[in-house]
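From first to last, the protein sequence lines stand for chains A and B.
Everything in the first sequence is counted per this note's numbering, starting at -15 for the first residue and increasing by one.
Everything in the second sequence is counted per this note's numbering, starting at 84 for the first residue and increasing by one.
What the hints contain is simulated information worked out from the structure, not anything from laboratory work.
The C-beta atom is built at its ideal place from N, Cα and C for all residues, glycine as well.
Be aware that a few hints might be false.
Unchecked claim - Only part of the chain A face toward chain B is listed, based on derived beta-carbon distances under 7 angstroms:
| no. | residue |
| --- | --- |
| 1 | CYS8 |
| 2 | LEU31 |
| 3 | ASP53 |
| 4 | GLN57 |
| 5 | ARG59 |
| 6 | HIS61 |
| 7 | LEU63 |
| 8 | GLY64 |
| 9 | PRO65 |
| 10 | GLN87 |
| 11 | ASN91 |
| 12 | CYS130 |
| 13 | SER131 |
Unchecked claim - Here are some chain B residues the structure puts well away from chain A; computed CB gaps all over 12 angstroms:
| no. | residue |
| --- | --- |
| 14 | LEU254 |
| 15 | ASN352 |
| 16 | LYS409 |
To be verified - Straight-line alpha carbon distances no greater than 25 angstroms define the calculated DMTMM-like cross-link-like pairs of lysine to aspartate or glutamate that follow:
| no. | chain 1 | residue 1 | chain 2 | residue 2 |
| --- | --- | --- | --- | --- |
| 17 | B | LYS334 | B | GLU420 |
| 18 | A | LYS39 | B | ASP275 |
| 19 | B | LYS322 | B | GLU392 |
| 20 | A | LYS149 | B | GLU349 |
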Amino acid sequence: MAAGGAANSGKTYSFKVVLLGEGCVGKTSLVLRYCENKFNDKHITTLQASFLTKKLNITGKRVNLAIWDTAGQERFHALGPIYYRDSNGAILVYDITDEDSFQKVKNWVKELRKMLGNEICLCIVGKLSERLHMDTNISLRLVFVCSYAESVGAKHYHTSAKLNKGIEELFLDLCKRMMETAQAEERLKGNGASQSASSRRGVQIVDDEPQATPAGGCCSSG
Amino acid sequence: MWADKQRAIRVSQEELLCKNACGYYGNPAWQGFCSKCWRDRARPAGTPREETRPRSDGTLPTFSKFEEKKNIEKGRRINTVRRLFWGSPSPPKPQESSESRANVLKAYQNLEPGDFPSRCTAFLNTMEAYHDLPVQKQSDLVQDFYQSFAEYFSSFPEAQVTQIMEHVEKLIMTRLHKWVFCHDSCDDEQKDLALQRRIRSLNWVTPQMLGVPFPDKTVSVTGDPFLPAITAIIEMDAKRAPQDKLACVSKCSQHVFEALSRSNSEPANADDFLSSLVYVVLKANPPRLHSNMQYVIRFGLPHSLMAGESGYYFTNLSCAVAFIEKLDGPALNLSPEEFDGYMLGQRTPSALNRRQQVVSDTQNLLEELKGRQEKLDQGMDALNAQLQKWVQEVHSQLDETRSQFVLAQKEMTAQKEVSLSTQDDKEQSVVVLEDQHADTVTCLTWSKAMS
């Protein structure tokens, strides 16, 4: 919300994207592949893969993407809301061959929709192991997952970090959707042009007015 | 005559004395009060005397009504100013200082918008005058001030505005720190203590329990690899501006990543990072952690708190604290009974076990060293004895050879003497033989040279 408000039309958009997924599904390699264009390489420059940024230029508009990795272990599950507060997008990663990791994704989708409503753009990403070949079994499962994703207003992708397949498209698509959401929000805000203050402050201004008016009335009469 | 006199007396006694019956003389200009009582009456209202004088009709009810009206007017003025400048509700204000506050606000209002130093000063004065407000209201005031400031610079490039705002935050909050940090109106102090006690009760948690990738072998050599991170997080309390506190959190996080990179070749992910941060917080037990975090949340720039790297690190710190507050057995791979046992101190913490292990290891090592030392001592003694023996042998050999030498010498001299005597015999025979022909002088010199 704060990031969306900071991005005025024609200016730079800043988006926060959280990365959710179980510990072992390979979130790290996905995001490293995208931001550093490296996979399992010795040339990785960063010490960490938990906070990464990427600058993009989409249809002439600058976009700053901040990707927040989240702790995916079960014991850290309760901390989710602290991480995805004020985020514009979420990437939910699961392993195509691991049914449990997909169950986790379902839980997260429910949680995110409950906490952040429809303002957040969701991407469900199935990680494909490079050794795995597409057989009918997996294709069937993908069809099922795609229909689930549609039903919750998310988009489904399947990628392989090793082959750099589908990662670029995934992030580009997500950015476009986040821009659309931000623009729609701006239009909504644009109706009350005088209310340039952020929504947090806005509520309190309303509080103030009824308090002030009776004071003025009292004075003029006395 | 009598009546005149009587009236004159009555005037001097009832009209001239102070209405307050304090014993001093009153004055019609002060509504029949003495100067002291008049001032006492006038002060609580805080109204300038020039304004009251024209309306002075001497009756008390009118006066108090006037006072009431003045206050209402002032309250309205404050509300208007506040609405204009901050757009936030006016706080409930105590009556006695309302005038000074109104003046401060008036001064703030009259400033030119471009006059930043005075604007900041005026804002600071306002905040100091309002320092007894609930802390949430103060936070709103500061955040609104940031916002109005940033809006003024909206035509500037974003990076520049960020920089300006950081300076403004530092300036403002360094000054306001003493007023608003750990404020009386909230229970930060209790929460600080609770958190501190909680962390202390968890002193038995080991890195292994938290799943921190911990390089085991280097522990005894270089100490805790997370020590720089622990130092950085403790330093947070010493800083004043929220951004400096955030910088400490960032520094701590960087140290954590460095420590992690030593035990793991891959870039650290969020799971490793968060568990390490939990470990660091448990080890450090940073002073007033809750207050510090609340202070940053309330008075920090929203931009640096919500987005960017510092925001990410701060979020992780919040997560770590939340995790510590809710920590239970399963989160550490312990059964609830084991966890309770540790918490009550009935179970010997495995950390203690480990330390005991280290102690016994060291003891063993010392024993071994002692044995080796003894061996060495023995060896030294043996060598010493050997040496002495050798010396003695050498001495005895030397003595032997010396005595042999002496013997040999004796023998030699004896032999010489023998040979000499035989020679003498020969010479004497020669002499005897020659005696017949030559004198004995040559014979004497010969024998002298021989001896």
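- What are the numbers of the hints the structure violates, in ascending order? Of the numbered hints, 1, 6, 8, 9, 10, 11, 12, 13, 15, 16, 17 and 18 do not hold.
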